[in-house]
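A.B. asks: Okay, here's what each chain looks like letter by letter:
Number of protein chains: 2
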Amino acid sequence: MSVTQVCEQARAASLVTRELHTSAKDRALLLLAEALADSADLLKAANSVDIAAARRDGVSATLIDRLTLTDQRLASICQATRAVAALPDPVGQVTGGSVRPNGLLIERVREPLGVVAVIYEARPNVTADVAALCLKSGNAVILRGSSVAAHTNAAIADVIAEALRQQDEVPEHAVQLVRDASREAMVELLTASEYVDLLVPRGGPGLLATVREHATVPVVIDGDGNCHVYVDASADLAAAASIVVNAKTSRPSVCNAAETLLVHAAVAGAFLPIVLEELVKAGVEVRGDERVREIWPDAEPARESDWATEYLDLILAVRVVDSLESAIAHIGKYGTRNSEAIVAQDIGVARRFARAVDSGSVFVNCSTRFSDGGEFGYGLEIGVSTQKLHARGPMGLEALTCVKNVAWGDGQIRP
Amino acid sequence: MSVTQVCEQARAASLVTRELHTSAKDRALLLLAEALADSADLLKAANSVDIAAARRDGVSATLIDRLTLTDQRLASICQATRAVAALPDPVGQVTGGSVRPNGLLIERVREPLGVVAVIYEARPNVTADVAALCLKSGNAVILRGSSVAAHTNAAIADVIAEALRQQDEVPEHAVQLVRDASREAMVELLTASEYVDLLVPRGGPGLLATVREHATVPVVIDGDGNCHVYVDASADLAAAASIVVNAKTSRPSVCNAAETLLVHAAVAGAFLPIVLEELVKAGVEVRGDERVREIWPDAEPARESDWATEYLDLILAVRVVDSLESAIAHIGKYGTRNSEAIVAQDIGVARRFARAVDSGSVFVNCSTRFSDGGEFGYGLEIGVSTQKLHARGPMGLEALTCVKNVAWGDGQIRP
Numbered sequence: 167m168s169v170t171q172v173c174e175q176a177r178a179a180s181l182v183t184r185e186l187h188t189s190a191k192d193r194a195l196l197l198l199a200e201a202l203a204d205s206a207d208l209l210k211a212a213n214s215v216d217i218a219a220a221r222r223d224g225v226s227a228t229l230i231d232r233l234t235l236t237d238q239r240l241a242s243i244c245q246a247t248r249a250v251a252a253l254p255d256p257v258g259q260v261t262g263g264s265v266r267p268n269g270l271l272i273e274r275v276r277e278p279l280g281v282v283a284v285i286y287e288a289r290p291n292v293t294a295d296v297a298a299l300c301l302k303s304g305n306a307v308i309l310r311g312s313s314v315a316a317h318t319n320a321a322i323a324d325v326i327a328e329a330l331r332q333q334d335e336v337p338e339h340a341v342q343l344v345r346d347a348s349r350e351a352m353v354e355l356l357t358a359s360e361y362v363d364l365l366v367p368r369g370g371p372g373l374l375a376t377v378r379e380h381a382t383v384p385v386v387i388d389g390d391g392n393c394h395v396y397v398d399a400s401a402d403l404a405a406a407a408s409i410v411v412n413a414k415t416s417r418p419s420v421c422n423a424a425e426t427l428l429v430h431a432a433v434a435g436a437f438l439p440i441v442l443e444e445l446v447k448a449g450v451e452v453r454g455d456e457r458v459r460e461i462w463p464d465a466e467p468a469r470e471s472d473w474a475t476e477y478l479d480l481i482l483a484v485r486v487v488d489s490l491e492s493a494i495a496h497i498g499k500y501g502t503r504n505s506e507a508i509v510a511q512d513i514g515v516a517r518r519f520a521r522a523v524d525s526g527s528v529f530v531n532c533s534t535r536f537s538d539g540g541e542f543g544y545g546l547e548i549g550v551s552t553q554k555l556h557a558r559g560p561m562g563l564e565a566l567t568c569v570k571n572v573a574w575g576d577g578q579i580r581p
Numbered sequence: 167m168s169v170t171q172v173c174e175q176a177r178a179a180s181l182v183t184r185e186l187h188t189s190a191k192d193r194a195l196l197l198l199a200e201a202l203a204d205s206a207d208l209l210k211a212a213n214s215v216d217i218a219a220a221r222r223d224g225v226s227a228t229l230i231d232r233l234t235l236t237d238q239r240l241a242s243i244c245q246a247t248r249a250v251a252a253l254p255d256p257v258g259q260v261t262g263g264s265v266r267p268n269g270l271l272i273e274r275v276r277e278p279l280g281v282v283a284v285i286y287e288a289r290p291n292v293t294a295d296v297a298a299l300c301l302k303s304g305n306a307v308i309l310r311g312s313s314v315a316a317h318t319n320a321a322i323a324d325v326i327a328e329a330l331r332q333q334d335e336v337p338e339h340a341v342q343l344v345r346d347a348s349r350e351a352m353v354e355l356l357t358a359s360e361y362v363d364l365l366v367p368r369g370g371p372g373l374l375a376t377v378r379e380h381a382t383v384p385v386v387i388d389g390d391g392n393c394h395v396y397v398d399a400s401a402d403l404a405a406a407a408s409i410v411v412n413a414k415t416s417r418p419s420v421c422n423a424a425e426t427l428l429v430h431a432a433v434a435g436a437f438l439p440i441v442l443e444e445l446v447k448a449g450v451e452v453r454g455d456e457r458v459r460e461i462w463p464d465a466e467p468a469r470e471s472d473w474a475t476e477y478l479d480l481i482l483a484v485r486v487v488d489s490l491e492s493a494i495a496h497i498g499k500y501g502t503r504n505s506e507a508i509v510a511q512d513i514g515v516a517r518r519f520a521r522a523v524d525s526g527s528v529f530v531n532c533s534t535r536f537s538d539g540g541e542f543g544y545g546l547e548i549g550v551s552t553q554k555l556h557a558r559g560p561m562g563l564e565a566l567t568c569v570k571n572v573a574w575g576d577g578q579i580r581p
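Those protein sequences? They're chains U and P, same order as listed.
Under the numbering used here, think of the first position of the first sequence as 167, with each following residue one higher.
Under the numbering used here, think of the first position of the second sequence as 167, with each following residue one higher.
One thing to keep in mind: the hints can contain errors.
[To be verified] Computed footprint of chain U on chain P; a stretch qualifies when at least three of its residues, placed anywhere within it, have a C-beta under 8 Å from a C-beta of chain U: (1) 174 to 186; (2) 268 to 278; (3) 404 to 410; (4) 518 to 524; (5) 549 to 557; (6) 562 to 570.
FYI, nobody ran anything at the bench for these hints, they're computed from the structure.
Here the structure is a predicted model, which is why all the values come from computation and not from measurement.
Ideal placement from N, C-alpha and C gives every residue a C-beta, glycine not left out.
Build the full structure now, drawing on both the sequences and the hints.
C.D. replies: Listed below in structure tokens is the structure:
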């Protein structure tokens, strides 16, 4: 089936899903969770085909780990689908409005975007997660996974399609997988602007470059995270050390991991030896500026390019700054406007940092690693937006809706 | 001065404006209104230079009318600037949030976008209106007007700059005009993605095509309006006639004017002779389908292309439909998702139309001409968005903001 046919079916399905009542959508979600749980053997068998192929092709152990569907991971997929059913439905929420002097009642009402497309890489849980979020928010979804996970994704999509065929409220084509792994098929999806209301690319720099080059459909970018932790002169240093170590080491390969540590000069002498020793013990390579190296001579010298690098690895750039303003300026110059943390006991400093830093998420006295839809209470996330328009930071159900203006009158005309 | 220099100055100014208190912004707005009022003679003199050049170049009377700055128009510009000062400040509004099980307080807070650029055509009021909206919402703005209004826009920008120099809260470069009218300068602005957080093009298809071809900055499109009025079987026919005539004739050249009338078959025989006679009297050319022409033989035959045409002129396409569903399907097929109206007394029909029609604004028993920031109570408008992401329909102050996530903790780390 061509991408255009998939798009046409999605558009037709979206006209039905946009008007579905919450209870119908929730019934379907529970049905999907049950069907996925019942299909564990079938899904794991399909997954083992992908894993065998990946091993044969010399795919990295990290990627194979992401690709692997275990009983536990499958259980958490089903649990997440049920959790989405339990979330409030954003569709129909009135977000504002007023009665105008001429008597018009203007309401702003949330409604589904229509057709959402997601292009993603190896993790098979994304297939089910994205389907659940889109279904709950009344959208039809087009999924385009990585060829590495082709059999697993196809099996999940087949289970979902079969489950939807067994009920008559949510149309079967509300959830579709593009099975053509060619680049041409991807470009066809990226340019299907008649059909696709939102496309979210979830993947590395290569995918983002392709999307930026070809996309004519509306896109929300799930992108870079050169995240900073700033430790202020007023910081609780024990909390600061724990936050820095967590932000750097708990999962270095993700976009909410810290890449640069900024330390106020007044506490650098006391703080750096403690935190850097802990970091080195955890296997982190430290790259410091001159003032850091005076305190901790083992640090590699940081170059200008280090401040702008998202390592996604156990490497941390460290700089001593003379003031809050210098920290804010550094983040403004080198950051990617994703997530930044401050550790400070001075409320004025913390509030000013939270307001002045031009990033999607600011973490006061906690780790940047909380930049995540689940941690924000959104159930799951469709991605983490690094842009300002439409949605910023972790995107849950609300990011899959738009607002319609409805004006209720009794014959008003405009003079 | 190069566009890049203008952008750099705007970015620097935006770091100040993003943190300004409402009262400081309002003081500056009142100062601007006073300065513009005091400069009436100077502004009209500059305007007369543009008008003389436009006459010499054979510019149309309509365009010259739009370009002309009268005492009355200047007074309404000043009044609008004062009205923006009186509006609530969206910056700092908390739009949502929750306390998470680990004790994190997550707040979603509105903040300025940063640097807003607006490219617009002949109307000089846009220069002042856009400056006022951007200033109130804490943004720095880059204005790029039409060369036809070059002297007028420069004079308005000079008055604003001089007024800002006379106070020390809002930086002078918060409002800047690009004075280079070349295409190269426009493309430089469209690709200044390091600096510009939002670009709104306000103009015709030529401008939109240039923007779509070149822009790498985030854009919200102020675009097409192939608007429909659907008259249901349950309509109050007198109200329906008044609404249709208003939607078509009160200002046919704007994007919220009606272009197609859909009439339910059950009332077509009673309604069409009344409304079409009124429309013809008002100078409207009627293009009808076969069923319309059976009732009103004077109608020109409508072709397929008529349903998809935004005439922006005294022409109306008219079609008889058999049901609400047919009307919704027609609008879905041919519409541009801007503004649609329904005239119906049946509440079920009206509610279903309001929900099912996939357009930015729906008008129930009132004219499509109300699709306007002023009519919605936004004071002024930065434009009318015809897209779904970020902002939809008339855009006021809120559309010039984005939401930041701020997480307040006391040492939390992610397990």
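A.B. asks: Which of the numbered hints above does this structure break?
C.D. replies: none
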